[in-house]
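Chains as they are written, first to last, in the working numbering: chain A, 13 to 285; chain V, 296 to 654.
Quick caveat, the hints were computed from the structure, so don't treat them as lab data.
By construction, the Cβ of each residue, glycine as well, lies at the ideal position given by its N, Cα and C atoms.
Please note: incorrect hints may appear among the correct ones.
[Claimed, not checked] Partial chain V-side listing against chain A, Cβ under 8 Å, derived:
#  : residue
1  : Tyr308
2  : Ala310
3  : Gln312
4  : Ile317
5  : Ala318
6  : Asn498
7  : Leu502
8  : Ala507
9  : Ile516
10 : Glu519
11 : Gly522
12 : Ile523
13 : Arg524
14 : Leu526
15 : Leu530
16 : Glu632
[Said to hold, decoys possible] Pulled a few chain A residues facing chain V out of the computed Cβ check, cut under 7 Å:
#  : residue
17 : Asn80
18 : Asn116
19 : Ile117
20 : Asp127
21 : Arg153
22 : Leu156
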Amino acid sequence: MSGVQQRESAVQRKRQIGEVLLAVENIGLRFGGVQALSGVSFDIREGEIRAIIGPNGAGKSSMLNVINGFYQPQEGVIVWRGQRLRRMRPHFAARSGIARTFQNIALFKGMSTLDNIMTGRMLKMRATMLEQAIYWGRARREELEHRAFVERIIDFLEIQHIRNVPVGRLPYGLQKRVELARALAMQPTLLLLDEPMAGMNLEEKEDMCRYILDVNEEFGTTVALIEHDMGVVMDISDRVVVLDYGRLLADGPPEAVRRDPEVIKAYLGVPHE
Amino acid sequence: MIYRETGQFKTSYGADQAIFPIAQDRIGMLIIMALAFVAIPLTASDYWLTTILLPLVIYGLAALGLNILTGYAGQLSLGTGGFMACGAFAAYKLSTAFPELHVLVVFALSGLITAAVGMLFGLPSLRIKGFYLAVATLAAQFFLLWLFNKVPWFTNYSASGVISAPPLAIWGETYVTGFEATPRAKYLFALSIVTVMALAAKNMTRLKIGRAWRAIRDMDIAAEIMGIRPLATKLSAFAVSSFYCGVAGALWAFAYTGAVEALAFDINVSFRILFMIIIGGLGSILGSFLGAAFIVLLPIFLNNALLAMGMAEAVALASHLEFMIMGALIIFFLIVEPHGLARLWQIGKEKLRKWPFPY
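So that you can see chain A by itself, here it is in the shape it has in the complex (with noise of 0.2 Å):
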């Protein structure tokens, strides 16, 4: 890339970046004794790939399970496009868009990758049991509907040749996309990525990095990420978290936390003199 045509895409970059969608406000959470979290503010912008890293432990996915309502945070708040919210529920989650994959694969196992991602369209539908049980009018006209909405996106990560396996049977990385695909198959505002990469070889890395990067460039997708390779969180994210034992550590672009001593003495590691 020449220096005009970064300078340019930085400038796009900018211009995609919008107000505040997420934010959340001095969260604590504990489990009995174990303080996972506590006072953890950041926000997330509307359009940006927001990264957060830190050690074993940190209380990342935490995080992420605070934020689509999986744990009740005993104290803060969520602020969701601009409304307070106390606890976020995984129903209000899901209805307001907010998608997520889990860290170790949480697919449905027995059910073939073409229905594993169906179920990502299934706040849209709208039939009742009895349509669907004579599949006719609207239970039919849905179905047919969602699946040319699911075919694009089956299209768009590569995986037709795996439409009718059983998931169970897939090799690990490529559940790891089928799993991106229904959460993509839930048009979600807010996409939330649990160690995408973890456990993938260098070209599985670099399928996924291109997959997340085309969902947050093409349909203006919110992406927040958890992930350790420092490579991969470097290149992609506009804006980084840093957790270390529950507490906020740093927070910014992804060179300001590179260099925040820090983060380079609880995570990064110093190199020895």
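Place chain V on chain A using the hints.
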């Protein structure tokens, strides 16, 4: 060589979403339907129709009901017999209190009443899972039977506690229940209901609600973040399953035995139906019927085989041997193919695609 989809191109998602997307399956299904609806009633004796085929079809429906709950939605239940009794007694009360109601209305309403009862007993499923839920559903089994036994209102104060099905006509003078009905009419009536309900079950399990059931079964945490409500989904599975079991119970009392007491639906029935779906295949419509056929037909087959071998004198020995062989066969099947007869059929089909040139 014969069974393969080569050359069958689908040009729309509609064609790909059909129940039987492959032409050979469609033809096979048509042949089975023709056999069941035309050939069997024309040729089978009254003995075969009333004592073998009718219970087979009705057991198939009950197994299908339990399979929706256990195989598709993953909620283990031992209350099947209780729900069948509920359907039988609801149909009896409805048809005696409102004799002018059409038989199909009676059956539909008794199914709906059972669905409501099933939902009530399904409430604990939000909190408890697996074997513990199975124990909780035992409450339905014992409570419902106790209720129908102890409260004389349910049997219209009959001294023996036995209810006998009033004659009901599908149209004009064509009776399908009670003593005036011919075995042929009863069989065709039961078979039609079961066919329609099996088709509806196939549709439900492959569309939205079925995906929600299977999602809850496979990974309830992920299902919740997709916006699936666990309680509503589990209760809908309990409702649909109980509806099927209720109609099966009503058919049992009205079309099969004609007169029935609550104890006919005891815990043994629940276990029998659970065995059917385990042997037939969990999460498979076809498997429900294969399992029912296995459990109903095998003892008859064994009995006849033992008689043919000259054991007619030792009746007790023959029946003991029957039990032992039955048990051994069930264990054998579960070891060889834990996913049931339906999976065996699936594997057979995959092999058939390449046969006779499997390279």
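Task: chain A contact restraint for Asn498 (chain V) - C-beta distance below 8 Å - done: holds (4 Å)
Task: Satisfaction of the Glu519 (chain V) interface hint, Cβ to chain A closer than 8 Å - done: Holds, because the Cβ-Cβ distance from Glu519 (chain V) to chain A comes to roughly 5 Å (cut-off 8 Å).
Open item on the list: Checking hints one by one. Is Tyr308 (chain V) an interface residue toward chain A, by the C-beta closer than 8 Å rule?
Closed with: holds (4 Å)
Task: Glu632 (chain V) as chain A interface residue, shortest Cβ-Cβ below 8 Å - done: violated (16 Å)
Open item on the list: Min Cβ distance, Asn80 (chain A) to chain V: is it shorter than 7 Å?
Closed with: holds (6 Å)
Task: Status of the Ile516 (chain V) interface restraint (C-beta, 8 Å, chain A) - done: Hint on Ile516 (chain V): holds, closest Cβ of chain A at ~6 Å, below 8 Å.
Task: Supplied contact hint for Ile317 (chain V), tested at 8 Å Cβ to chain A - done: violated (12 Å)
Open item on the list: Checking hints one by one. Is Leu156 (chain A) an interface residue toward chain V, by the C-beta closer than 7 Å rule?
Closed with: Since the shortest Cβ distance to chain V is 5 Å, the answer is holds.
Task: Hint validity - Ile117 (chain A) Cβ closer than 7 Å to any chain V Cβ - done: This interface hint is violated because 9 Å lies over the 7 Å limit.
Open item on the list: Next item in the hint list is Leu526 (chain V). Is there a CB on chain A closer than 8 Å to its CB?
Closed with: violated (11 Å)
TODO: Report holds or violated for the interface hint on Asp127 (chain A), using the least CB-CB distance to chain V and a cut-off of 7 Å.
DONE: Constraint on Asp127 (chain A) satisfied, holds at 6 Å.
Open item on the list: Next item in the hint list is Ala507 (chain V). Is there a CB on chain A closer than 8 Å to its CB?
Closed with: holds (6 Å)
When the structure is compared with the earlier hints, violations turn up for hints 2, 4, 5, 14, 15, 16, 18, 19 and 21 and for no others.
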